[in-house]
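J.: Model the full assembly from the supplied sequences, consistent with the hints where possible.
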Amino acid sequence: MADAHVHDATHDDHDHKPHGWRRWVFATNHKDIGTMYLIFACTMFFIGGAMAMVIRLELFRPGMQWVDPQLFNSMTTMHALIMIFGAVMPAWTGLANWMIPMQVGAPDMALPRLNNFSFWILPFAFTLLLSSLFVPGGAPAGGWTMYPPLVLQNGASFPMLIFAIHMMGASSILGAINVVVTIMNMRAPGMTLLRMPLFVWTWLITAYLLIAVMPVLAGAVTMLLTDHFFGTTFFTAAGGGDPVMFQHIFWFFGHPEVYILILPAFGIVSEIIPTFSRKPLFGYEAMVYAVASIAFLSFIVWAHHMFTVGMPLAAQLFFMLSTMLIAVPTGVKVFNWTATMWKGSLSFEPPMLFALAFLFLFSIGGFSGLMLAIVPADYQYQDTYFVVAHFHYVLVPGAIFGIMAGVYYWLPKWVGKMYDQTLAKWHFWLSTIFVNVLFFPQHFLGLAGMPRRIPDYAVQFTDWNMVSSIGGFGFGLSQLLFPYIVWKCVRSGTPIGNRAWEGAHGLEWELPSPAPYHSWTEAPSDALIAKGAAH
Amino acid sequence: MAAVLPDAADALARRRRVRNSAILFSLIAAAFYLGFIVMVLVRAAK
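Keeping their order, the protein sequence lines are chains A and B.
For the first sequence, our numbering assigns the number 1 to the initial residue and increments by one for each residue that follows.
For the second sequence, our numbering assigns the number 1 to the initial residue and increments by one for each residue that follows.
Honestly, the hints are just simulated from the structure, not real lab data.
Virtual Cβ for every residue (Gly too), placed ideally from N, Cα, C.
Treat the hints with caution; some may be incorrect.
[Unchecked claim] Chain A stretches covered by chain B per the calculated footprint, using a threshold of three residues with CB under 8 Å from any CB of chain B:
1. 179–190
2. 203–214
3. 237–251
[Unchecked claim] Not the full set, but computed from the structure, chain B residues with beta-carbon under 7 Å of chain A:
4. R17
5. V18
6. V40
T.: Okay, structure coming up:
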């Protein structure tokens, strides 16, 4: 190891790969950091998933069985925070770290030390958040939206929650700055903006969203902190503050956040469908403009999350119509994916299966979103299980399936080996069946009036809750296949060539498999870029 | 990192661009953070 240090210091050898724990703790290589993000996200996925199992276990039957109401509320709150900030967002950042330099013809991310820092903030943030389960009064239980005055009644966990949110936000902002700077400055000569793969485009737009809205969340929770500890009354009505203002600020962050969670999935699906249809993507430029439009619209729809707080009719109409407008660019995307497959030579390997499930099931989430956008209808649906069903359709078969699709698509490139596709198809089918068993009945429960965030319910909701819980246990268990498939691939997968999939295009497939430690130490030629950008 | 570029001057220019754009986006993020706090204060003062 000492020799290695001397070697490092004297030669500045870019091909040198550090060994042992230093490789990971002091990592500046985009692939190492991407791997750490993905492992972290997977760990958080199972922790957040275990909390979902507790929720579904308690809701299996009416009455109180397993946990007290306080712990139940802690489980719903922590499940959301962990899944959003600990699983989905780090998974996307991991994929961005792995793929963006490879796809734009760069050797690494633009700011490698910042990259290391933004990753290593996360384990501390989530250790802090999870340790709040063991403090007096228990973990945060006021919902992930942290509405005052309820959240201000948290005990010792309150400052832990606020500090953890600040750290997660800082990590996201630093990661986003790195992505934007990399894409804007590190592209190979000839990699023009409109030659970039859709995954890079969607991440660029996502990064802009992150830079704009994560500080808004940070500002909101800073004000909560000063309200709690320093006597300010930003959101305390008794002191002249306005608790509804918190909701406006939170959702100004919260709605773009939904698109932060889903836009990279659009990018991945836009890579996978052409590959397995053996056709160029239909309407590449329209896809780019549609993603940009969705991102822009996400800033002007926030109050649809809070129609029932009371707002002027004009505001209700504005937010209803602007929300419905999002269906237009989303429809463009769904149409283009379908048109890409039209008369294509389709094959159904695991990434394509997950992408197709994404297409169908995310659309269900989109349609229920349109229903929720209608103000008078929303008065009925607000705070019912219909909302729970809606956003889980967006986030599970949307974001999570997008991540699964991406990992199954690029894993062979990362490790130079093909995984067990039969097992991956089992993973797909079990996930798809159980995710529908889990969430589809929640539409019925919501329409029948079952409120969300309750540990007990009226007996008429029993049957569909049992079905939903069975789906939940099945979905949770079937996810155990995923780390096993990855582990098996790393240990004993079948070696593959540079191009893992017959129809794959893009610079990443021009690199050897497994991808070298530093991606493009020499800029790819213009011809190679043009070949890869065959939209 | 410099290997992608034809010469050292270009590498230096790009390093400067990377630093400047990182600073710019950090300032934008800080402006959003402080801006919303100031907005709430101004609104409460009315």
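J.: Now tell me if each hint is right for this structure.
T.: Hints, verified against the model:
Using a Cβ-Cβ cut-off of 8 Å, 6 residues of the segment 179–190 of chain A lie near chain B, which meets the minimum of three, so the contact claim holds. Only residues whose C-beta sits within less than 8 Å of a C-beta in chain B count toward coverage, and the segment 203–214 of chain A has 4 of them, enough to reach three; the restraint holds. Taking a C-beta to C-beta cut-off of 8 Å, the segment 237–251 of chain A contributes 5 residues in contact with chain B, enough for the three needed, and the coverage statement holds. Because the closest C-beta pair between R17(B) and chain A is about 5 Å apart, less than 7 Å, the hint holds.
Among the interface hints, the one on V18(B) holds; its C-beta lies about 5 Å from the nearest C-beta in chain A, closer than the 7 Å criterion. For V40(B), the interface hint holds, the least distance from its beta-carbon to any beta-carbon of chain A being 6 Å, beneath 7 Å.
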